[in-house]
Amino acid sequence: MAVEILYIVLPLSYIAFVLGIGWIAGRNESREDYLIGSRRYAWWAIAMSLGTSWANAGWFLLTYGYLQGDFWGLMVITISYMTSFLVFAYFAPRLRNIAIEKNTYTLADTTSAVFGKPTGLMAAVTVIVCYMGWFLMELVAGAKVISGFSGWSYEITVLALAGIIGFYLWIGGFRALMRTDIAQFAFLGIMFFMLFLLSKDAQPVQLSYMMESQKLTLSSLVVNIFGGICVTLAAAEIWQRIMAARSDKDARRGVASTVIISFFVLVGLPIFLGAFMLTQNPDLSADQYIATLASDYLPSWFGPFLFVAFLALIMSTLDTAGFITAQAIVNDGVMAILGKQSEHPRKSLKWGIMAVFGGSAVLALMFRDVMDILYFLFAYWAILTPTLWVFITDKRPTGAAVFWPMLIGFIALTALQVTGYYKDYMNGIFFTALLIAPWVIDKILKTTKGTKITKEEKLNV
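Per my numbering, the sequence shown runs over residues 33 to 493.
Source of the hints: derived by calculation from the structure; they are not laboratory data. Be aware that one or more of the hints could be misleading.
Cross-link-like lysine-lysine pairs, in silico, BS3-like; alpha carbons within 27 angstroms at most [unchecked claim]:
| id | residue 1 | residue 2 |
| --- | --- | --- |
| 1 | Lys134 | Lys427 |
| 2 | Lys372 | Lys149 |
| 3 | Lys372 | Lys382 |
| 4 | Lys372 | Lys134 |
| 5 | Lys149 | Lys382 |
| 6 | Lys427 | Lys475 |
Source: prediction; values computed, not measured.
Based on the provided sequences and hints, a complete structural model is requested.
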């Protein structure tokens with residue numbers, strides 16, 4: 033009876049807690065607070081926020097699926113993600129200074145300021161596709177996990193998650209996002225405590241079997257390493273956290289420190305839990321394994337705490353993906369087309385948040401296959417690769433040299449997806465081609481020798 037009460041009291045208390053944070057964050061805040069938190073976050077806040085954003089329920093379910101079919105591919109892609117944070121840490125001060133000089137808040141906004149409005153709009157469209165897909169993936173996966181714990185129907189869970197998170201973002205904006213992420217980071221400790229509880233019963237037999245029976249192909253190695261690095265460097269949420277840092281040192285340390293968190297949340301914990309459950313029951317589906325873990329292999333009193341921990345992880349990812357999608361649709365998209373991007377950005381973003389969370393809830397009720405959503409969005413992330421020319425070199429290509437590869441790549445990728453000709457190995461081709469295309473176009477057409485970065489932008493990093 034006491035455990036049943038905890039299953040009600042703990043989640044409701046946590047929801048009230050994050051709503052309170054959103055309400056406090058929204059009081060007397062300026063436009064800069066709502067859009068970017070007034071660029072005053074320390075390195076530890078950035079690391080905590082990125083760590084909780086990347087530790088999501090969708091990744092736990094996907095890891096379980098990878099363990100059943102592509103263990104070495106999972107190893108390569110997670111290692112590439114961790115490595116890419118160190119690479120991004122090198123460029124973080126440069127990106128931060130460009131954003132401050134141009135007074136920009138997002139990936140698409142910065143791309144527009146550096147390469148021109150058409151390129152910025154192309155980036156905004158791609159961000160919408162990628163992050164709406166990511167948001168939808170996490171909403172579907174999160175609803176499955178929560179409904180497995182709570183007994184609520186999938187439909188009610190989807191509507192509850194979208195409504196709660198959308199509400200506190202609508203109130204507090206980016207400042208509410210950062211504060212809730214920092215608070216949610218504390219709940220990761222519950223996950224690591226769970227490792228201790230399971231360690232005495234864990235059997236590495238299933239993991240050893242997977243390591244021996246599954247082979248890593250060359251195409252998987254190349255695509256996952258290079259693709260993982262490019263995806264991270266073109267991740268709009270990392271750009272935004274860097275722009276919100278209070279100093280160059282905080283930007284660099286914050287991104288670099290995320291590696292430590294990633295090691296546990298992207299590699300250690302999901303793989304350990306997945307391998308443990310596959311050892312106990314190889315036929316268990318990804319949708320069921322977390323709830324089964326809590327009910328059959330943990331003390332009954334621990335179930336409600338595990339429930340809240342996953343609720344925190346789910347909400348921290350949903351608020352990040354939803355906020356970025358809303359910014360891309362409204363501020364970087366519609367308002368930029370109308371030439372009113374600087375007019376009432378906070379008010380327009382509030383409308384965008386309502387549209388994204390409401391529309392995504394409807395889509396989540398229609399589409400429930402997480403793997404299909406991930407496959408779709410990962411491919412389109414390659415289209416953002418040319419935006420890396422904002423900060424990766426002292427000489428930039430022209431806006432046209434960046435725009436056309438993005439547009440042609442988007443059309444080609446869509447055609448391949450629609451016709452069914454798209455294959456996994458093409459990921460590496462798209463990432464590589466779109467990264468070097470702007471430089472090649474400039475060299476072939478001799479349109480420019482490169483746009484020199486100003487003295488203020490050039491940093492000793």
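Hints and how they fare:
Only pairs whose Cα atoms come within 27 angstroms are accepted, and Lys134 paired with Lys427 is accepted, the gap being roughly 17 angstroms. For a cut-off of 27 angstroms, the pair hint linking Lys372 to Lys149 stands: about 13 angstroms separates their Cα positions. Taking the CA atoms of Lys372 and Lys382, the gap is about 15 angstroms. The hint holds against a cut of 27 angstroms. Our distance criterion of 27 angstroms between C-alpha atoms is met by Lys372 and Lys134, whose separation comes to about 17 angstroms.
A hinted pair counts as satisfied when its Cα atoms are at most 27 angstroms apart, and Lys149 with Lys382 qualifies at roughly 23 angstroms. For the proposed pair Lys427 and Lys475, the alpha carbon gap of about 12 angstroms is at most 27 angstroms, so the pair holds.
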